[in-house]
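Protein chains: 4
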Amino acid sequence: MVNCPPLKMTTMKFEVSATLAYEAVGSSSLLLTIQPFPSKEQTILSESFLTTPALTMQELFSPSNEKRVKVLEVAEAGTFTIHYTGKVANEIKEIPGEELADVFIPLMPASVLPYLNPSRYCQSDKLYKFAFNKFGAMEHAFDKVNAICDWIHRNIEYSAGFSTSQTSAFDTITEQVGVCRDFAHLGVALCRALTIPARYFSGYAYKLNPPDFHACFEAYLGGHWIIFDATRLVPLNGLVKVATGLDAAETAIASSFGNLNLQTIEVKITSLDADFQPISPTVSSHGYSYS
Amino acid sequence: MVNCPPLKMTTMKFEVSATLAYEAVGSSSLLLTIQPFPSKEQTILSESFLTTPALTMQELFSPSNEKRVKVLEVAEAGTFTIHYTGKVANEIKEIPGEELADVFIPLMPASVLPYLNPSRYCQSDKLYKFAFNKFGAMEHAFDKVNAICDWIHRNIEYSAGFSTSQTSAFDTITEQVGVCRDFAHLGVALCRALTIPARYFSGYAYKLNPPDFHACFEAYLGGHWIIFDATRLVPLNGLVKVATGLDAAETAIASSFGNLNLQTIEVKITSLDADFQPISPTVSSHGYSYS
Amino acid sequence: MVNCPPLKMTTMKFEVSATLAYEAVGSSSLLLTIQPFPSKEQTILSESFLTTPALTMQELFSPSNEKRVKVLEVAEAGTFTIHYTGKVANEIKEIPGEELADVFIPLMPASVLPYLNPSRYCQSDKLYKFAFNKFGAMEHAFDKVNAICDWIHRNIEYSAGFSTSQTSAFDTITEQVGVCRDFAHLGVALCRALTIPARYFSGYAYKLNPPDFHACFEAYLGGHWIIFDATRLVPLNGLVKVATGLDAAETAIASSFGNLNLQTIEVKITSLDADFQPISPTVSSHGYSYS
Amino acid sequence: MVNCPPLKMTTMKFEVSATLAYEAVGSSSLLLTIQPFPSKEQTILSESFLTTPALTMQELFSPSNEKRVKVLEVAEAGTFTIHYTGKVANEIKEIPGEELADVFIPLMPASVLPYLNPSRYCQSDKLYKFAFNKFGAMEHAFDKVNAICDWIHRNIEYSAGFSTSQTSAFDTITEQVGVCRDFAHLGVALCRALTIPARYFSGYAYKLNPPDFHACFEAYLGGHWIIFDATRLVPLNGLVKVATGLDAAETAIASSFGNLNLQTIEVKITSLDADFQPISPTVSSHGYSYS
Chain A
0 MVNCPPLKMT TMKFEVSATL AYEAVGSSSL LLTIQPFPSK EQTILSESFL TTPALTMQEL
60 FSPSNEKRVK VLEVAEAGTF TIHYTGKVAN EIKEIPGEEL ADVFIPLMPA SVLPYLNPSR
120 YCQSDKLYKF AFNKFGAMEH AFDKVNAICD WIHRNIEYSA GFSTSQTSAF DTITEQVGVC
180 RDFAHLGVAL CRALTIPARY FSGYAYKLNP PDFHACFEAY LGGHWIIFDA TRLVPLNGLV
240 KVATGLDAAE TAIASSFGNL NLQTIEVKIT SLDADFQPIS PTVSSHGYSY S
Chain B
0 MVNCPPLKMT TMKFEVSATL AYEAVGSSSL LLTIQPFPSK EQTILSESFL TTPALTMQEL
60 FSPSNEKRVK VLEVAEAGTF TIHYTGKVAN EIKEIPGEEL ADVFIPLMPA SVLPYLNPSR
120 YCQSDKLYKF AFNKFGAMEH AFDKVNAICD WIHRNIEYSA GFSTSQTSAF DTITEQVGVC
180 RDFAHLGVAL CRALTIPARY FSGYAYKLNP PDFHACFEAY LGGHWIIFDA TRLVPLNGLV
240 KVATGLDAAE TAIASSFGNL NLQTIEVKIT SLDADFQPIS PTVSSHGYSY S
Chain C
0 MVNCPPLKMT TMKFEVSATL AYEAVGSSSL LLTIQPFPSK EQTILSESFL TTPALTMQEL
60 FSPSNEKRVK VLEVAEAGTF TIHYTGKVAN EIKEIPGEEL ADVFIPLMPA SVLPYLNPSR
120 YCQSDKLYKF AFNKFGAMEH AFDKVNAICD WIHRNIEYSA GFSTSQTSAF DTITEQVGVC
180 RDFAHLGVAL CRALTIPARY FSGYAYKLNP PDFHACFEAY LGGHWIIFDA TRLVPLNGLV
240 KVATGLDAAE TAIASSFGNL NLQTIEVKIT SLDADFQPIS PTVSSHGYSY S
Chain D
0 MVNCPPLKMT TMKFEVSATL AYEAVGSSSL LLTIQPFPSK EQTILSESFL TTPALTMQEL
60 FSPSNEKRVK VLEVAEAGTF TIHYTGKVAN EIKEIPGEEL ADVFIPLMPA SVLPYLNPSR
120 YCQSDKLYKF AFNKFGAMEH AFDKVNAICD WIHRNIEYSA GFSTSQTSAF DTITEQVGVC
180 RDFAHLGVAL CRALTIPARY FSGYAYKLNP PDFHACFEAY LGGHWIIFDA TRLVPLNGLV
240 KVATGLDAAE TAIASSFGNL NLQTIEVKIT SLDADFQPIS PTVSSHGYSY S
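Residue numbers (numbering that gives the first Met the number 0), protein chains in the order written: chain A, 0 to 290; chain B, 0 to 290; chain C, 0 to 290; chain D, 0 to 290.
Keep in mind the hints are simulated off the structure, nothing from the lab.
A few of these clues could be false.
According to the in silico footprint, chain A covers these stretches of chain B (three or more CB under 8 angstroms from chain A) [stated by the list, open to error]: (1) 122-135; (2) 147-161.
Straight-line alpha carbon distances no greater than 30 angstroms define the calculated BS3-like cross-link-like pairs of lysine-lysine that follow [as the list claims (entries may be wrong)]: (3) B:K128 with C:K133; (4) B:K133 with C:K125; (5) D:K206 with A:K128; (6) D:K69 with C:K125; (7) B:K69 with A:K125; (8) D:K69 with A:K206; (9) A:K125 with B:K66; (10) C:K66 with D:K69; (11) C:K125 with D:K206; (12) D:K125 with C:K66; (13) C:K133 with B:K125; (14) B:K133 with C:K133; (15) A:K133 with D:K128; (16) A:K125 with C:K39; (17) D:K125 with A:K128; (18) B:K66 with B:K267; (19) D:K66 with C:K39; (20) A:K133 with D:K125; (21) B:K128 with C:K206; (22) B:K66 with A:K66; (23) A:K128 with A:K92; (24) A:K66 with B:K125.
C-beta: ideal position from N, C-alpha, C; glycine also.
Build the full structure now, drawing on both the sequences and the hints.
Have a look at this one:
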C-alpha cells in the first residue's frame, strides 16, 4: 500500500505426502485438493500424483481460488489408492503488528470482498453483537484478531468426536468443543462479524500430532493475508498451503460423487531444513503471511 | 459441448432504474450491486449512476463473479440519494430440454464446481435425503429441476413478513413461506443436493408487481446455465441480470458498513420493445439461458 | 364424553425385562424409567428390581406424569448391574374412527392442554404451515393423524446412526432419516401444529426386532389418547407403557448425573397369551387406546 | 431440610390489572394466564375478570403447574375486551446464601425433577460445556446462579425488536440481545446445564417501565425456589406470580386458537403499601423465595 522497509522473510523446505485408500462400490467421481498450491511464495520443487490402478484424471486450476483440484473418474467398483508426494519451498513474511490495521472498505481489492460475507460454516451475520461486545472495544485490527484467537483457545476444547461435518461456527461458539476445522470456522466468522475479511486455510502442518491435514485461517490486515491458528498446535512457519477459501465447503480435501468409501488416509510432512526454527503460534507483536 | 443446430435466440431491450435514499448517521461505506452485468449476452447501451450530493466512489469488477460493485464513501452524517438508470439489450437462448442433461463431474469447468458446494443460505448438505427421496427417481436433470420448481411453487407460500435476512433454505423447506429470495435459495439448495450446480440470480424483472429487485436461480444443465423462477411471477425473458453468485450473501443489492439507514427504494423496469412476447415461467419442454 | 356403546376391549399379558450394566467412574446418581406404568388399564402382576451390588434407591411416582422413576445413588466408582423383570396385564380399547374427532379447546381437561405446547424435540411452532398445507384440508382429526403417520412412514427412512440425542422434529422433517424416537417426535410435533394434543409414549414392544425400548406417540382424539406408531414395526397391541410425556426429554429411559457409562443394555418382552392376535399398525378404520 | 432459625419474611400488597382488546375474525378460543396464582404465600384479596361483551368462559386450575387458565369461547367475529383487576397480598422469604446449596439428586421431590430437562426454549442439553467452562469451577450453587445472572446482565443487551416468539436460549447466548423472556430462558437453560433445576416465572412487576407483564426465573437451591432476574429492571419483592413452568411455551399469557388479533394490551401494578422498601435485584448474600 505504502512504501515499507523490506520485511523479514523466513524460507522453509518441506516434503509432504498423502496416501488415501478408497473402495468404490460403483462408478464414481472424486475431487481431491491435497496438492500444495503453487504461487510466488510457494514453489513446488517436485511432485508425483499416482493412483493404483491408474485412473482417468485431470487437474483444475481455478484462477480465483487458491487451490488445485484433481478430478478422478472411477469407472467401476473396486479398491484404489492415491499417493501424492511433493517437495516445496515456501516463505513466510514477518510484518510488524502496528502495520496490520483495518483496511478501509473502499480500498479493498475485489478479490478480498467475498471474504466479508457469511458462508455455510461461518455465519458471521449471526455473531455481530457477540463479536462487537467481546472484541469491539479494541482499537487495532491486529489486536482484535489476536484476542479472537486467544478467546477461542481458552474457551473451545480441542477434542475429536463431538463435531461433525455439519458443525458450524454458530454451534461451536456455544458447544465449545471441536477440531481444527471448527476452530478455524469460528475464527473466520468472528473476524467477518467485525468487518475484517477472513478465509479458511487448509494445508499440511509440520509437527502436528497425530499427523493429518490441518486447518487454520487468514485475516486480511494492513493489505496482507495474515495467518492465525487458534489451536496453537503447530509452529506458524510449519504450514504448507493447499487451499484457501470461504470455509471447509470450498476447500474440502476430498469430495466424492457416487458411492465411494474412504478406508484409510495417511499424511506426512518432514522438514528439509537442517535447523528448523519454529515460530510460535501464540500472540506476538508481529504477524506472519504466506501470501 | 457437441455440434448443435443453431439455438433459437430472443432479444430484448429494457430500461431500468433504481433510486435509493439513505440516511448516514456517521461516516460509512456502502457497496451497491444494482447495475446490470455487462457480458456477451447483455449489452449496456447507456447508463448513469448519480449520487446527490456527490460522493467518492469507485467500481469493482470481479473477474470470477458476475457482478459489478460500486463502492461509495460517505464521509459524514446526512442524507444522500443514489439514482441509477440504464438501458440494456440482452438475449435469451432457447434450448431443447432433452439436451439439458446432467454434466459429468469430471467434465465440469473449474468455474462451475463452486456451485456444487453448500453455502450460507443454501445448506444442500442437509437436504440430500429429502432431495433424493422427492426427485431422485427422475432420469433427466432438466426434469429434476422442473420438478423442484413445481414442488416449491406448490408448497411454499409467497408472502412477505415471515422470513428475515437470516432465513435459509433449511428453514424455508419446513416453514413453507417466503419471498423470491427464499424461493431462489431453496431451488439452489435442492439442485446442489442432487449434484446439479446451481447459483443465485439477482436482477430487474419486467412486470414484477409491486416493482422491486427480483431473485431467481440458474442450474447448470447440458453445459448451459438455465434460468428457473419458482415464484413464477414474471416472464422468463423479462429479466435483466445484475449478479450471480453462491447465494444472497454474495449478490447483496446493498451492503453497508458503518451506520447507514436505507429510507426508500424505488425500482423500475420498462420494455423498449414494441411487442414484448412473454416466455411463461411455467414448465416447458425447453430451457432458457441468459449466459 | 357422551353415552357410548361398550367399546371392544382386548386384553394382553406380557413378561418384560431389562438388564443394564454401568461403569461408575465416581459417585453418581442415576434416574431410571424402565418399569411399566401401573394404571387402571395396566396391572403389574409381579415385578422385581434388583441391583448388583445393592444400591441405595428410591422410587418417585409423579401424580401428573405417567411414569415411575427409580433414583439410584452410586456411592463410589465401580461397575454395577440393574435387572428389572415384571409381568403385566394390560388392555387396549378399540374405538370407531368416526368418534375420534377434534376436541373443542374449551372442553379439554387441564391435564391435556400442556400437550398442545411446543417442546424441546417437538417444535410445533415452526411447523404450522407445513402441517396445514399437508394435512389441513382433511375434515376429521383421526384422518389427519393417520395421514401424518402415513407421510412419516413414506418419507422418513428408519435407520440408526444418523440422528443423535439432539435431533429434533425440525431436523427430521428435512433430514428424513431417524429411529423410533425421531418418528415419534415428528408425529407429536405435526399433531400439535394442527392443534391436536399429542404426547410421546415410551415402552416395551412385542416383536420389535432387534429387541429394545420403543417409542411411539398418542394423540388426543374424541376424548381418548389414541396410540400411533409411524414406524409400523410392531403390532399396536404389543406395547407395554413405561411412560408418557412431552417428548424424550421427559420420558428418558435413563438419566445419569456424575460420571457413569452405560456398557450394555438388554431388553426382552414375551407374550404370555396362548394366541396373541396382532393388531396391525397400519391405518385402519378404528383407533386404539391404552388409557 | 434441616432445622433452621425462622426466616425473615417481607409481606407486600399490590393491585394489578390487565386490559386486552381483541378482534376475532371468526369463531375462536382463547386461553389466558393473566391472573395471580393463589397459594399459601400469595392470597387473592379480591379480583374481577370481565369481558365485553360477555363470553362463555371457564377456569382451569392445574394441580401440577402453578397457573390458572381462563378458557374463553369466542362464538363469532367481532371485537371484545378483557379486563382483569385484582388485589393480592404476598410474601417473600429471605434465606442466607450459604443455605442455598445444590440439592442432591436423590433427594429432589418428584415435582422438581422436570425442571432439570431441556425444553423448547431452554436447550440445556446444548449448553453443558459452556455452562461448565464459565461457571463450573464455583463451589456453591447459589454463587453459580448469581454468576449466571451477572454474566447475562453484562453480555446480553436488553432491547426489543430483535428476538421473536421463536427465539430460544441457544440463539440468545450468541446473538446477545433480547427482552425479559429471553433473559429468563437463558438463565433457566444455564442452570439446568449445571444440574440445577430452574423454571420460568411469569408475573406482574412493580416499577417495570414501561409497564408490561414480566418474566424472570426461579432456581431450586437448598430446597427453595429462589427468584432471579437477570434483567435487574425491578425490585425482587415487586413481583406478583402469575405462573411458573418449563418456559414461555408453558406459561404463555395468551394462546389463541382460530383467528384472533390482539389489538391493545395495558398492564398496571401499584403498591398498596405505605412504604414499599425495594429489595435490589443485584447480587446479594441472600436469596429470596416466593414459594
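If any of the earlier hints don't hold here, list their numbers in rising order. Of the numbered hints given earlier, those the structure breaks are 2, 8, 11, 16, 23, listed in rising order.
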